[in-house]
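Residue numbers (numbering that gives the first Met the number 0), protein chains in the order written: chain A, 0 to 134; chain B, 0 to 134; chain C, 0 to 134; chain D, 0 to 134.
These aren't lab readings, by the way, just hints derived from the structure by calculation.
Treat the hints with care, since some could be wrong.
Note that the list lumps identical chains together, so a pair holds whenever it fits in one copy or between two copies.
Unchecked claim - Heads up, simulated BS3-like pairs for lysine-lysine below, C-alpha to C-alpha not over 30 Å straight-line: (1) Lys21 <-> Lys96; (2) Lys96 <-> Lys12; (3) Lys12 <-> Lys54.
Protein chains: 4
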Amino acid sequence: MHTIAAMLETYPKDLGDIDRDKLVACTQACYQCSQACTACADACLSEDMVAELVKCVRTNLDCADICATTGAVLSRHTGYDANRTRTILEACAEACKTCGDECERHASMHEHCRLCAESCRSCEQACRELLTALV
Amino acid sequence: MHTIAAMLETYPKDLGDIDRDKLVACTQACYQCSQACTACADACLSEDMVAELVKCVRTNLDCADICATTGAVLSRHTGYDANRTRTILEACAEACKTCGDECERHASMHEHCRLCAESCRSCEQACRELLTALV
Amino acid sequence: MHTIAAMLETYPKDLGDIDRDKLVACTQACYQCSQACTACADACLSEDMVAELVKCVRTNLDCADICATTGAVLSRHTGYDANRTRTILEACAEACKTCGDECERHASMHEHCRLCAESCRSCEQACRELLTALV
Amino acid sequence: MHTIAAMLETYPKDLGDIDRDKLVACTQACYQCSQACTACADACLSEDMVAELVKCVRTNLDCADICATTGAVLSRHTGYDANRTRTILEACAEACKTCGDECERHASMHEHCRLCAESCRSCEQACRELLTALV
Numbered sequence: 000m001h002t003i004a005a006m007l008e009t010y011p012k013d014l015g016d017i018d019r020d021k022l023v024a025c026t027q028a029c030y031q032c033s034q035a036c037t038a039c040a041d042a043c044l045s046e047d048m049v050a051e052l053v054k055c056v057r058t059n060l061d062c063a064d065i066c067a068t069t070g071a072v073l074s075r076h077t078g079y080d081a082n083r084t085r086t087i088l089e090a091c092a093e094a095c096k097t098c099g100d101e102c103e104r105h106a107s108m109h110e111h112c113r114l115c116a117e118s119c120r121s122c123e124q125a126c127r128e129l130l131t132a133l134v
Numbered sequence: 000m001h002t003i004a005a006m007l008e009t010y011p012k013d014l015g016d017i018d019r020d021k022l023v024a025c026t027q028a029c030y031q032c033s034q035a036c037t038a039c040a041d042a043c044l045s046e047d048m049v050a051e052l053v054k055c056v057r058t059n060l061d062c063a064d065i066c067a068t069t070g071a072v073l074s075r076h077t078g079y080d081a082n083r084t085r086t087i088l089e090a091c092a093e094a095c096k097t098c099g100d101e102c103e104r105h106a107s108m109h110e111h112c113r114l115c116a117e118s119c120r121s122c123e124q125a126c127r128e129l130l131t132a133l134v
Numbered sequence: 000m001h002t003i004a005a006m007l008e009t010y011p012k013d014l015g016d017i018d019r020d021k022l023v024a025c026t027q028a029c030y031q032c033s034q035a036c037t038a039c040a041d042a043c044l045s046e047d048m049v050a051e052l053v054k055c056v057r058t059n060l061d062c063a064d065i066c067a068t069t070g071a072v073l074s075r076h077t078g079y080d081a082n083r084t085r086t087i088l089e090a091c092a093e094a095c096k097t098c099g100d101e102c103e104r105h106a107s108m109h110e111h112c113r114l115c116a117e118s119c120r121s122c123e124q125a126c127r128e129l130l131t132a133l134v
Numbered sequence: 000m001h002t003i004a005a006m007l008e009t010y011p012k013d014l015g016d017i018d019r020d021k022l023v024a025c026t027q028a029c030y031q032c033s034q035a036c037t038a039c040a041d042a043c044l045s046e047d048m049v050a051e052l053v054k055c056v057r058t059n060l061d062c063a064d065i066c067a068t069t070g071a072v073l074s075r076h077t078g079y080d081a082n083r084t085r086t087i088l089e090a091c092a093e094a095c096k097t098c099g100d101e102c103e104r105h106a107s108m109h110e111h112c113r114l115c116a117e118s119c120r121s122c123e124q125a126c127r128e129l130l131t132a133l134v
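Just chain A, with the same shape it has in the complex (with noise of 0.2 Å):
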């Protein structure tokens, strides 16, 4: 996903004060942790314990819509709204946390949670530190 910092590269117009290294961690770990949350819960579903997992498969699901819709609202600069970034990172970096901890309940039984718990933690983390970072 190095074409996130290149595509940014190319806005026609200014970017404001914001923090460019930390907007592109930001979204590249929204659309990293919505893919690993769509398939961690997929594979829920595939475990033959299937029904100790429905509460992380929702979970996963709800992440998973969060994070995109997160790295979407980040990839557009045009009109740029405070508000907005700030409300839809808090949703996101709450959705990652309460997935990070369920996945890692689970973490030392399936690999896919503990794999998708970190991706969690670090989209939790980079959304934290965006928000710091916003004025």
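With chain A's structure known, arrange chains B, C and D on it following the hints.
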């Protein structure tokens, strides 16, 4: 979208203390607003004065994505988490407020902006009413 | 979702020879089916016999995503491209057919699958009728 | 997005005869192209000559949605259905082709269109290679 209420009635487990009428109304408002914002962004693109509407297009695109995700999150009840519901509803209300404001600025010239502003106002109000009803 | 027709009426440029009634009906069916499939996937997750419904959950998730994307594509008219409309409608009809078949297998036991199968059948038919109307 | 391959390795059931390298490459191309198209649509909106780019914006928006949905479908393996995979890959290849063509027309003037055209070409090729590999 009367099927939203019908699907909710078929949910096999206890839904807890949530206000079903407000949940259905908000879910419906989210899907409707997502469609209206998608259509308004596209209609703005076809206006001769598109150069004066680029902020409106961008705001519509964010609002469409955030409403779609919120509608999906509200359609899931398994492993309910009040914090996730609350933060995505807050992001959705914020997106609808700024999109409603932006579309309203063009409402007298563009009927699609007037209609879209109405959808945004309705969806913002439905989100705020559901937020109030969450315990 | 009467706003779908209202938004279409406000489109500022010529819509060409497209059958507006079929376009509105198909757009509405896509948004409705996307919501029904999202809700049915979640309801399946809460059934005690979830282990026997994992294929149904997955089929619902694909159908929800494909219907949402098709509904968005149909909501845009600027720079219309018949090939793109045709291929996404074909993918949507196929997704609705297999999801309708899968849900129907569980319709006698699970009311959410019965309702969701109805939404899938309606959406498949709306896609096929719009495909026929495309020149 | 090396996590796409890592997540695939953790899938608990048999993946069948699918070509894993092509599947991973196509999934990654879909997520990357979806982001590039989202960013290119927004960059076009900020160009002074936006009025000449409205078809490009619309094509980007469709391609972004279709790639995102295709990436999600490819991330799921439970209850695999070759017809659904095939039709969504065909729709994705078609969307990438027309978006690549449209962006290429502006590539000499707008670097974001040049980069986005590259992402579309890569994604179209990855879809066609995966289509060929499907039995």
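Structure-based check of each hint:
no.: 1; hint: Lys21 <-> Lys96; result: both (19 Å within a copy, 27 Å between copies)
no.: 2; hint: Lys96 <-> Lys12; result: between (34 Å within a copy, 25 Å between copies)
no.: 3; hint: Lys12 <-> Lys54; result: between (44 Å within a copy, 13 Å between copies)
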